[in-house]
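Chemist: Which chain is which? The protein sequence lines are Z and U, in order.
Just so you know, we're using full-length UniProt numbering here: the first sequence kicks off at 1 and counts up by one.
Just so you know, we're using full-length UniProt numbering here: the second sequence kicks off at 1 and counts up by one.
Note that these hints are calculated values from the structure, not bench results.
The structure displayed is predicted, hence computed values, not measured ones.
Backbone N, C-alpha and C define an ideal beta-carbon position, used for all residues, glycine too.
Honestly, I wouldn't trust all of these hints.
Subject to a maximum C-alpha distance of 27 Å in a straight line, what follows is the list of computed DSS-like cross-link-like pairs (lysine-lysine) [as the list claims (entries may be wrong)]:
{"hint": "1", "chain 1": "U", "residue 1": "Lys71", "chain 2": "Z", "residue 2": "Lys13"}
{"hint": "2", "chain 1": "Z", "residue 1": "Lys53", "chain 2": "Z", "residue 2": "Lys13"}
{"hint": "3", "chain 1": "Z", "residue 1": "Lys13", "chain 2": "U", "residue 2": "Lys12"}
{"hint": "4", "chain 1": "Z", "residue 1": "Lys138", "chain 2": "Z", "residue 2": "Lys53"}
{"hint": "5", "chain 1": "U", "residue 1": "Lys49", "chain 2": "Z", "residue 2": "Lys78"}
{"hint": "6", "chain 1": "U", "residue 1": "Lys5", "chain 2": "Z", "residue 2": "Lys13"}
Non-contacting residues of chain Z with respect to chain U, defined by C-beta distances greater than 10 Å in every case (computed) [stated by the list, open to error]:
{"hint": "7", "residue": "Lys6"}
{"hint": "8", "residue": "Val12"}
{"hint": "9", "residue": "Pro85"}
{"hint": "10", "residue": "Gln86"}
{"hint": "11", "residue": "Gly92"}
{"hint": "12", "residue": "Val112"}
{"hint": "13", "residue": "Ile147"}
Example chain U residues on the side facing chain Z (calculated, C-beta under 10 Å, incomplete) [said to hold, decoys possible]:
{"hint": "14", "residue": "Cys3"}
{"hint": "15", "residue": "Lys5"}
{"hint": "16", "residue": "Arg7"}
{"hint": "17", "residue": "Ile16"}
{"hint": "18", "residue": "Leu27"}
{"hint": "19", "residue": "Phe66"}
{"hint": "20", "residue": "Pro82"}
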Amino acid sequence: MWIYEKSLQHPVKVTRPDVGFAKLVVTQYGGPDGELGASLRYLNQRYSMPTNKAIALLTDIGTEELAHMEMIAALVYKLTEGASPQDYEAAGWGGQYVQHNHGLFWTDANGVPWSAQYIACLGDPIADLTEDMAAEQKARVTYEHLIEMTNDPCVKDMLRFLWQREVVHFQRFGECLNDIQEHMGKKNMWCGCTIKK
Amino acid sequence: MNCEKQRSMLKKIQEIQFVAVELNLYLDTHPCDADAINDFNCAVQILEKRKQAYQDEFGPLLNFGFGGYSKEPWQWVESPWPWEI
């Protein structure tokens, strides 16, 4: 079960609305390396993990990613607050206004809708944790690109917060991978789930 | 509604909650670190106090009964949403 807390993990402020940057940062909402994909990837991979530590870590990081998704949603909301159809058009995001008005939608920076193809679950802890580590790196780099694309110090501040969370998650997944490899090594030669006998 | 006070009380919750999140993830991969468990428990103690004080003034922070009692009218729909603060 999940409980909703009526608070963001970290404050989200903008100096002024900026539809052009909303168009870009929405990729961390519904893009290939965004927070929706991250949370679903980790929460879905829990069931085939062989250790309690790995299940706990995926549960907790998956839950934190949901909070990051909400921060990005709040950012897009604030960046487009009060924007007119002409503002959307001027920012090259007229299609967003036509289809969604001020509503949010899961797309990347090029308008491509979110897809389950962005995430994987092989049911193999080594493959899945390695995928998770790569996902954290890709999200980190995307945040670096986004930080370069805005001059708003408030926006930079919250993006830096999310950026450093990717660094921490990568570290924890790496420790978890080491732990799993040790766990597997003790019990059997590790060459895949189905080749145990 | 005293928005400035609400924002500042919420910020204090966010700060200590971040300490708890960070220690929680660390402990997931270092479950035998007694010092970190002690730090985590200290953070939880402070967090509970700050949440209680906030909820007494502004209503439940969590839904489904996890945020404590409600005054009348139903406070959950009254207080601002995170993206509105």
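Chemist: Quick one: which hint numbers does this structure break? Sort them smallest to largest.
Modeler: The structure breaks hints 1, 2, 5, 7, 8, 14, 15, 17; every other hint is satisfied.
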